[in-house]
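A.B. asks: Sequence:
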Amino acid sequence: MRPPAFRDVRRGLQAQWAILSTALADADPAAPSRVAGWAVADLERHLVHTGQSLGRLAAGPTTTGPITGIEGWAAALPGLADRIAQEVAGTAAPSLVEMAPITLGVLDTADPDRPVAQWTGIHRLGDATLFRLVDAVVHALDLPDPPAPDPGAERIVVRALAGLLAGRAPGRSVEFRVPPAAAVQLIGGPRHTRGTPPAVVETDPATFLQLATGRMAWSVAVERGRLRASGERTDLSPLLPLLS
-19 MRPPAFRDVR RGLQAQWAIL STALADADPA APSRVAGWAV ADLERHLVHT GQSLGRLAAG
41 PTTTGPITGI EGWAAALPGL ADRIAQEVAG TAAPSLVEMA PITLGVLDTA DPDRPVAQWT
101 GIHRLGDATL FRLVDAVVHA LDLPDPPAPD PGAERIVVRA LAGLLAGRAP GRSVEFRVPP
161 AAAVQLIGGP RHTRGTPPAV VETDPATFLQ LATGRMAWSV AVERGRLRAS GERTDLSPLL
221 PLLS
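With our numbering applied, the sequence shown covers -19 to 224.
To be clear, the hints were calculated from the coordinates, so they are not data collected in a lab. Values in this document were obtained by computation on a predicted structure and should not be read as measured data. Any given hint could turn out to be false.
Claimed, not checked - Pairwise CB distance ranges (calculated): (1) Thr89 with Ala197: 40 to 46 Å; (2) Pro74 with Ala11: 17 to 23 Å; (3) Gly169 with Glu51: 39 to 45 Å; (4) Thr44 with Ala197: 40 to 46 Å.
Cβ atoms here follow ideal geometry from the backbone N, Cα and C, with glycine treated the same way.
Using the sequences plus the hints, can you model the full thing?
C.D. replies: This is how it looks when you write it as structure tokens:
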């Protein structure tokens, strides 16, 4: 799957941060978020911290070393949110609405192909920006009253996560569809080259984001009719979640 253009990721990040800024302003900072142990204020501090770090990466020096993409980033995520929470606990920070234009302004003149180093490894700056977009779309689900994501941002994130899923289960025996954003081939076995594939799984973008991030179990999605599957080997629960 072709990676998204940097200008589209930057545009999506701006739009999604704007949606989050409005939702955060309307929420009680002390109210519990849907992340265990985090209040709404903690969620905003996390978003601001990762946004500020992106701005520093964009303005900072080039790094040398092996570059990893979304798979390497995802593999390094376990425990990272807690590490960030410990670092920002009790520290003063700007609001998301104050931070966003500063980081976005730095991105306007940055080279998306430049390697940068962060806690999850060395990545292209364009990929590091994509990871913040994933973070912004996913954490919108954690607000007490989750806002609808920016459509362009949601489409980019769904495509990125569908590509991650395809990379973890390569093959052509199952087609996984998230219309209108993505369709990928998965799992080794009988191949199809034309017509209807031997097995199809289809869901909507909101459900896929929850499945991919462990916010909904596969069995729950099936029970609620939010997954449609036909053919064999269509239980993808062993491959999920993609992010933790």
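A.B. asks: Take the hints in turn and mark each one as holding or not.
C.D. replies: Hint check results:
no. : hint                          : verdict
1   : Thr89 with Ala197: 40 to 46 Å : 44 Å, holds
2   : Pro74 with Ala11: 17 to 23 Å  : 20 Å, holds
3   : Gly169 with Glu51: 39 to 45 Å : 22 Å, violated
4   : Thr44 with Ala197: 40 to 46 Å : 42 Å, holds
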